[in-house]
Amino acid sequence: MAEKFDVIVVGAGMAGNAAAYTLAQGGLKVLQIERGETPGSKNVQGAILYSDAIEKIIPDFRDEAPLERHLIEQRVWVLDDTSYMGTHYRSEDFNKPPYNRYTIIRAHFDQWFNKKAREAGALTICETTVTELLLDGKKVVGVRTDRKGGEIYADAVILADGVNSRLAVKAGFNSEIKPKDVALAVKEIHFLPQETIEARFNIGEEEGVVIEMAGKISAGMMGTGFLYTNKESITLGVGCMLSDFKEQQVTPYELLDRMKAHPSIAPLIAGSEMKEYAAHLIPEGGYNAIPQVYGDGWLIAGDAGQFVNGIHREGSNLAMTTGMLAARTLVELKAAGKPFSAANLSRYKAKLDESFVMKDLKKYRRMPDIFHNNKQFFTTYPDLLSKAAQTLIRVDGVDKKSKEKSIKQSFINARTRLGLIGDAFKFWRAVE
Amino acid sequence: MLKVEEKLFQDRYRVDAGRPHIKIKDAETCTHQCKSQQCTVCCPAGCYIQEGNGKVVLITDGCLECGTCRIICDEHRNVDWEWPRGGFGILFKFG
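Residue numbers (numbering that gives the first Met the number 0), protein chains in the order written: chain V, 0 to 431; chain Y, 0 to 94.
For the record, the hints were derived by calculation from the structure and aren't laboratory data.
Treat the hints with caution; some may be incorrect.
Derived EDC-like pairs: lysine to aspartate or glutamate, alpha-carbon spacing no greater than 20 Å straight-line [to be verified]:
1) V:K177 to Y:D15
2) V:K147 to Y:D15
3) V:K169 to Y:D79
Label-pair ranges, simulated between beta-carbon atoms [what the hints assert, rightly or not]:
4) Y:E74 to V:D352: 32 to 38 Å
5) Y:K54 to V:E131: 30 to 36 Å
6) V:A349 to Y:E81: 30 to 36 Å
7) Y:H75 to V:G136: 31 to 37 Å
8) V:P192 to Y:R11: 19 to 25 Å
9) Y:E4 to V:N99: 38 to 44 Å
10) Y:A26 to V:S345: 19 to 25 Å
11) V:E2 to Y:E81: 24 to 30 Å
12) V:P58 to Y:E74: 22 to 28 Å
13) Y:K54 to V:F426: 42 to 48 Å
14) Y:A16 to V:G136: 37 to 43 Å
With the Cβ distance kept under 8 Å, some of the chain V side facing chain Y (calculated, not the full set) [stated by the list, open to error]:
15) G35
16) V185
17) L241
18) H279
19) F426
Where is the CB? At the ideal position from N, CA and C, for every residue including glycine.
Okay, chain V solo, but in the shape it has when bound (with noise of 0.2 Å):
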């Protein structure tokens, strides 16, 4: 292929579809790369899709993109074996539109950005895997594809390639993905009516409920569970660091199917058809591992560049607005003639200092290595809260006085004084 194009964009996700809709709106002449047989049959997420993340991109999105449910509550539980202690946030506030947040599929929504960024002008080519970048030295000058003849030349490159960023790794730009960086979850979909979706969770049509969990699901492992309801179905999975599934022999299914037969769980999904089941990274690192994310020629968006928040679960709109992003310190260079050199491109970096994305993970910089260093926040603190709140609600003729000395002591004995005021330090310093 003799034609030459101003940017290539790989990939097809949240961050690729982006960028390469901010290209083409911008003028430039894009080419965008997917493996996938279309865009999105590659993907997994939750999946939660923030819109103010989108609306900057796609004001409109909302007349036309495939969106589930908006969501109205959010339930936090910390669960036992056979307990959950939750919080739940229900408000009538977030059931007026313009709605903040929804829940969507991603072969379905994927599919729409992707259209939405070839009308904007951008050229897309699906089942076609990227192999590796051409480099001229230092600079990225294409890519190599597994096409015959599928070489192809471009000013830049965008890695939008996912949490797998294979093709930064391969070019010698960053090193390899470590176990203690990343998590691994599995999740499954399963179909329900949307009368009984309704009815398990007190909602009416069109709104939505997340659960997020913590506590015995992930097996003593640092991980978290979800609960999002579709319109016609309930996605549910959990994760954990694999630094910790390395270290123990439960497998990924099994911790799934577990817990699935919670207690407290079973019931939300029990009848249902199960219709797919999904395993994927998620980069839990944080901004310490945040690689190198541009250079001559090369700039990396999303999950390729770690960018998650992790405690927060928002990976999505990161990924779009370091998408975006990247696009635009293209299309604002393209315009004032100046090359993708990386002194140049090392503006994309001073955009993202500016914006949400490097402010929160920056916030965060400090949890991913306490909750690595202190398991018992998985472990033990689930346990003492659910027996603390049954000794607490059970009437059994013990006096009141003597519960909370039980409760106290429950405490100390797992963790010590000393233990449970550096457990508080320590959990406010991870959120601080």
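Using the hints provided, position chain Y relative to the given structure of chain V.
Here is chain Y on its own, set in the frame of chain V:
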């Protein structure tokens, strides 16, 4: 023992017959140098199977393309991992 096959049965694939995208570089390393063989525990599709004689066998047909096996094999770096050819492998209906 729980069967992951029942889960994978719900998934859609286009298998690139005879062209596995992941290979074990050196079978001897798995057998003799790797004590934990954690790929046989951690692979969410159960693609890595522990055989009685200490060998690890890899069948990639059910691969979900997550990357776990490559990343956890950080001591031996014994996994040769590529994406499937364009259009092949797992094809998520919902994702």
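Now the hints, each set against the structure:
1. V:K177 to Y:D15: Distance of about 29 Å is beyond 20 Å: violated.
2. V:K147 to Y:D15: OK: K147 (chain V) and D15 (chain Y) at ~17 Å, within 20 Å.
3. V:K169 to Y:D79: holds (13 Å)
4. Y:E74 to V:D352: 32 to 38 Å: holds (36 Å)
5. Y:K54 to V:E131: 30 to 36 Å: holds (32 Å)
6. V:A349 to Y:E81: 30 to 36 Å: holds (35 Å)
7. Y:H75 to V:G136: 31 to 37 Å: holds (33 Å)
8. V:P192 to Y:R11: 19 to 25 Å: Hint holds: Cβ distance 24 Å, inside 19 to 25 Å.
9. Y:E4 to V:N99: 38 to 44 Å: The hinted range 38 to 44 Å holds for E4 (chain Y) and N99 (chain V), with Cβ atoms some 40 Å apart.
10. Y:A26 to V:S345: 19 to 25 Å: Check failed, 46 Å falls outside 19 to 25 Å.
11. V:E2 to Y:E81: 24 to 30 Å: Holds - the Cβ-Cβ distance for E2 (chain V) and E81 (chain Y), about 26 Å, lies within 24 to 30 Å.
12. V:P58 to Y:E74: 22 to 28 Å: The hinted range 22 to 28 Å is violated for P58 (chain V) and E74 (chain Y), with Cβ atoms some 50 Å apart.
13. Y:K54 to V:F426: 42 to 48 Å: holds (45 Å)
14. Y:A16 to V:G136: 37 to 43 Å: holds (40 Å)
15. G35: Holds, about 7 Å.
16. V185: Holds, because the Cβ-Cβ distance from V185 (chain V) to chain Y comes to roughly 5 Å (cut-off 8 Å).
17. L241: With Cβ-Cβ at 6 Å, under 8 Å, it holds.
18. H279: holds (6 Å)
19. F426: violated (28 Å)
Figure legend: structure checked against the earlier numbered hints; hints not met, in rising order: 1, 10, 12, 19.
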